[in-house]
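Q: Taken in order, these protein sequences are the chains called A and B.
Using this note's numbering, read the first sequence as starting at 2 and increasing by one per residue.
Using this note's numbering, read the second sequence as starting at 49 and increasing by one per residue.
These are calculated hints, taken from the structure and not from any lab test.
Bear in mind the structure is a predicted one, so any value in this text is a computation, not a measurement.
Ideal Cβ positions, reconstructed from N, Cα and C, are used throughout, including at glycine.
Treat the hints with care, as some may be off.
Okay, the calculated bits of chain B under chain A, using three or more residues with CB under 8 Å as the criterion [unchecked claim]:
1. 54-62
2. 66-77
3. 182-188
4. 315-328
5. 333-340
Within a straight-line C-alpha distance of at most 25 Å, the following computed BS3-like cross-link-like pairs (lysine-lysine) qualify [what the hints assert, rightly or not]:
6. A:K242 to B:K55
7. A:K113 to A:K54
8. B:K51 to A:K242
Some chain A residues flagged as far from chain B (calculated, every beta-carbon gap over 10 Å) [said to hold, decoys possible]:
9. S37
10. N42
11. Q45
12. A126
13. A170
14. F199
15. S337
16. A393
17. L405
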Amino acid sequence: MADKMKKAKFGSLQLDVEDVISWSELTNADFAPASSQEKENFIQDRESVSFWKDAGRRFRKNTVAMVALVILILVALFAFLGPVIVPYGYDQFIAGSENLHPWHYTLEDQEKLAAAQMTPEEAWAKAQEEAAAQGKTLGPVDKAKIMAAAKASGGADTDELRKELGIRARLFGYSNAELQRKAAGESVFPHVFGTDKFGRDIMVRVMIGTRVSMVVGLSAALLVLVIGALYGSISGYLGGKVDAVMQRIVEIIYSIPEVLVILLIATVIGDALTSYVNSHSGFIADMANVLGANLISMFIAFGLLYWVTMSRIIRGQILQLKQQEYVTAARALGASGPRIIKKHLLPNCIGQIVVTTCLQIPSAIFLESFLSFLGVGVSTPMTSLGSMASEALGGMTTYPYRLLFPALILSIMILSFNLVGDGLRDALDPKLKK
Amino acid sequence: MAKYVLKRVLMALFTIFLVATLTFFLMKAVPGNPFVSEKTPPQSVLDALNEKYGLDQPLSVQYFKYMSNLLRGDLGVSVKMQKNYPVISIIKEMFPVSAKIGAFALLWAVLVGVPLGCLAAYNRGTATDSTLRVVCTVGISMPSFVVASLLLIVFCGGVVGWFPSIFDGSPRSYVLPCFSLGFYPMCYIARQSRAAMLDAINQEYIKTARAKGLKTGKIIFKHALRNALIPVLTYLGPQVAFTLCGGFVVEKVFTIGGLGRYFVQSVSNRDYPVIMGTTIFLASFIIIMNLLVDILYKVVDPRITLGKES
Chain A
2 MADKMKKAKF
12 GSLQLDVEDV
22 ISWSELTNAD
32 FAPASSQEKE
42 NFIQDRESVS
52 FWKDAGRRFR
62 KNTVAMVALV
72 ILILVALFAF
82 LGPVIVPYGY
92 DQFIAGSENL
102 HPWHYTLEDQ
112 EKLAAAQMTP
122 EEAWAKAQEE
132 AAAQGKTLGP
142 VDKAKIMAAA
152 KASGGADTDE
162 LRKELGIRAR
172 LFGYSNAELQ
182 RKAAGESVFP
192 HVFGTDKFGR
202 DIMVRVMIGT
212 RVSMVVGLSA
222 ALLVLVIGAL
232 YGSISGYLGG
242 KVDAVMQRIV
252 EIIYSIPEVL
262 VILLIATVIG
272 DALTSYVNSH
282 SGFIADMANV
292 LGANLISMFI
302 AFGLLYWVTM
312 SRIIRGQILQ
322 LKQQEYVTAA
332 RALGASGPRI
342 IKKHLLPNCI
352 GQIVVTTCLQ
362 IPSAIFLESF
372 LSFLGVGVST
382 PMTSLGSMAS
392 EALGGMTTYP
402 YRLLFPALIL
412 SIMILSFNLV
422 GDGLRDALDP
432 KLKK
Chain B
49 MAKYVLKRVL
59 MALFTIFLVA
69 TLTFFLMKAV
79 PGNPFVSEKT
89 PPQSVLDALN
99 EKYGLDQPLS
109 VQYFKYMSNL
119 LRGDLGVSVK
129 MQKNYPVISI
139 IKEMFPVSAK
149 IGAFALLWAV
159 LVGVPLGCLA
169 AYNRGTATDS
179 TLRVVCTVGI
189 SMPSFVVASL
199 LLIVFCGGVV
209 GWFPSIFDGS
219 PRSYVLPCFS
229 LGFYPMCYIA
239 RQSRAAMLDA
249 INQEYIKTAR
259 AKGLKTGKII
269 FKHALRNALI
279 PVLTYLGPQV
289 AFTLCGGFVV
299 EKVFTIGGLG
309 RYFVQSVSNR
319 DYPVIMGTTI
329 FLASFIIIMN
339 LLVDILYKVV
349 DPRITLGKES
């Protein structure tokens, strides 16, 4: 500071830098502790918004998706907590409770109805009276006709009689024996959805079926995710000839009609597994026995054929991402291919991965119910929504609700998964929104 | 163009070959002799069958024999459902029924789905749009057996008895199966064409057309729709497959004597030659349909460079 540099010569165009240099000189005041006011300036006004927080906020704003999410949680509770609460087993034959409707008439009402109903003899007597009033007599043929009519017309007549007597159906199904036990002060759990022809509680079966559908959907989606992500990222990252060959394979698998092949695989592997389970013992055989041969073959089919879409999406993403500077930087630092894929590429297409996985769930549920409906899905005594609907086809006009309940739950579940998936897509990738 | 077509045809042939091979080895994986059921056929029949398919020979020989039989159109004979009846004859009898229903279903799906999609796109953000969107989202969330059985409950005696519940080939009995089979594709097509239409409407040439004073109808149908139809067309190829497979369910619900129902019955009866033959036949049909749509797609849209992946 003391020996100042010479001023520039007069007329020189050289800049006079003395003042500028002195700007960056530190004085003692610069080393004084910061005042509290200055400190406050460094405190963040609000937390920085991370990617997930941002997405979460967008998702919560989406009313439709939120409602769908709540419905999904309710359905999951119904499927996983429900069977704990209901005291009936899904494969339990409740003797005396066969073919119950999801409604019942109280015992008093039933007595009232029986008293009001005409027996065939009464109908005959009434007809005779009417005939006598008109001056006619009725022969034995007429008698047989009238008595048969009175016997047969039970259904229609009963409905009208019930209306006349003011008897109303009460909610939930009870058999007469259960009604008597209830009258005696016992607490009897109602058959909310009625029972089937073997006396199995339909609600418990729907719960278990929903559980099967959900588990199948989630695990199939995870399976697809793992295989698709691996295949797609390797193909996209390596590029060149490897990519070309891998993409040919994808194209071929893509053009195989998967439903047909899955039906085929489900049948064949199902048979092979069944005979394996029957002839072997040990861990694998036990596992296969628990899961059921058809379910396993369904997963195998999924693992073989359904990862194609996922791998295509991830490959596309990786092809874009691998041009980024940070990938070049990582490679320059000597990171290996697997590490770059794992640490840099996959985390950066997590949005796409989550959305595709979520939209994979309903398609897996679709497929499972389709196979079960056709009779190659889950094996008895396990049940599923599709197989319940298939069983209900027989008595559809008399017991339509046996089909309605599983069909309704299935549709609601698929719809909710679709809506949540759409909501996630909008939240994670707003650019895609149309 | 020729190169592209040739490449696609070769690939389709390879895929068919792959499916046939897969089918063959899957059938080999089945424990026991595929011709033996609970009721074992007489030894002479068994011997004839074994000889015909060379079951006593090594696997490679069997494979070539099977493939050459296949090339001559010999798909084997049914062993359980219609004993010793050739599978190819079964297919010839049953496939037209399924194809007819499938064709009607796809036809109404396209004829209704595309205009609905255009309507929704043109009235974007209005009540019409949101109603259609709700309907279509619900539509693609309902498995075809749900739609079919609900229709059956409502229209075949449950509420009103307008249609026969069992398919008898009369025009009236076609209504419900075709409707339920086409419902899912209709919703899907409507969604697709809405998105495609929105894309098309926002293009510059539409603005130009409007600035020139063209009428709305002409803009939509003459300028926008043509371009909007292209993505819908790509979807139609795989849809043929879906409609056929959805046919399994619909034919089961309405007891239609088509190939789909027969296939499902053969699956549950474990009639392996029928399963095998039908799978190969249907798979080839679907693959060829996909191929046609793929080629058509490139013909319709000249912007796409042929022979290259976009």
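Q: Is the hinted pair K242 (chain A) and K55 (chain B) satisfied, with a Cα-Cα distance of at most 25 Å?
A: Given that 25 Å is the threshold and the Cα spacing comes to 18 Å, the pair holds.
Q: Using Cβ atoms and 10 Å as the threshold, tell me whether S337 (chain A) really stays out of contact range of chain B.
A: holds, 29 Å
Q: Three residues minimum, CB to CB under 8 Å: does the stretch 315-328 of chain B make the cut for coverage by chain A? Let me know.
A: Coverage by chain A holds for the stretch 315-328 of chain B (5 residues, Cβ < 8 Å).
Q: Do at least three Cβ atoms from the stretch 54-62 of chain B come closer than 8 Å to Cβ atoms of chain A?
A: Check passed, 3 qualifying residues.
Q: Using C-beta distances, would you say chain A covers the stretch 66-77 of chain B, given that this needs three or more residues below 8 Å?
A: It holds: at least three residues are needed, and the stretch 66-77 of chain B offers 7 whose Cβ sits within less than 8 Å of chain A.
Q: Given the hint that K113 (chain A) pairs with K54 (chain A), does the C-alpha gap stay at or below 25 Å?
A: The given pair, whose Cα atoms are some 64 Å apart, is violated under the 25 Å limit.
Q: Would you assess whether A393 (chain A), listed as outside the interface, keeps its beta-carbon beyond 10 Å of every beta-carbon in chain B?
A: violated, 8 Å
Q: Confirm or reject the statement that L405 (chain A) sits farther than 10 Å, beta carbon to beta carbon, from all of chain B.
A: violated, 8 Å
Q: Quick one: work out the minimum CB distance from Q45 (chain A) to chain B and report holds if it exceeds 10 Å, violated otherwise.
A: With a cut-off of 10 Å, Q45 (chain A) remains clear of chain B, as the shortest Cβ separation is near 39 Å.
Q: Would the pair K51 (chain B) and K242 (chain A) pass a check requiring their Cα atoms to be no farther apart than 25 Å?
A: Since the Cα atoms of K51 (chain B) and K242 (chain A) sit roughly 21 Å apart, the hinted pair holds (cutoff 25 Å).
Q: Using Cβ atoms and 10 Å as the threshold, tell me whether F199 (chain A) really stays out of contact range of chain B.
A: holds, 20 Å
Q: Taking beta carbons only, do three or more residues of the stretch 333-340 of chain B come closer than 8 Å to chain A?
A: Satisfied; 3 residues make the cut.
The structure fails hints 7, 16 and 17 (numbered hints given earlier, in ascending order).
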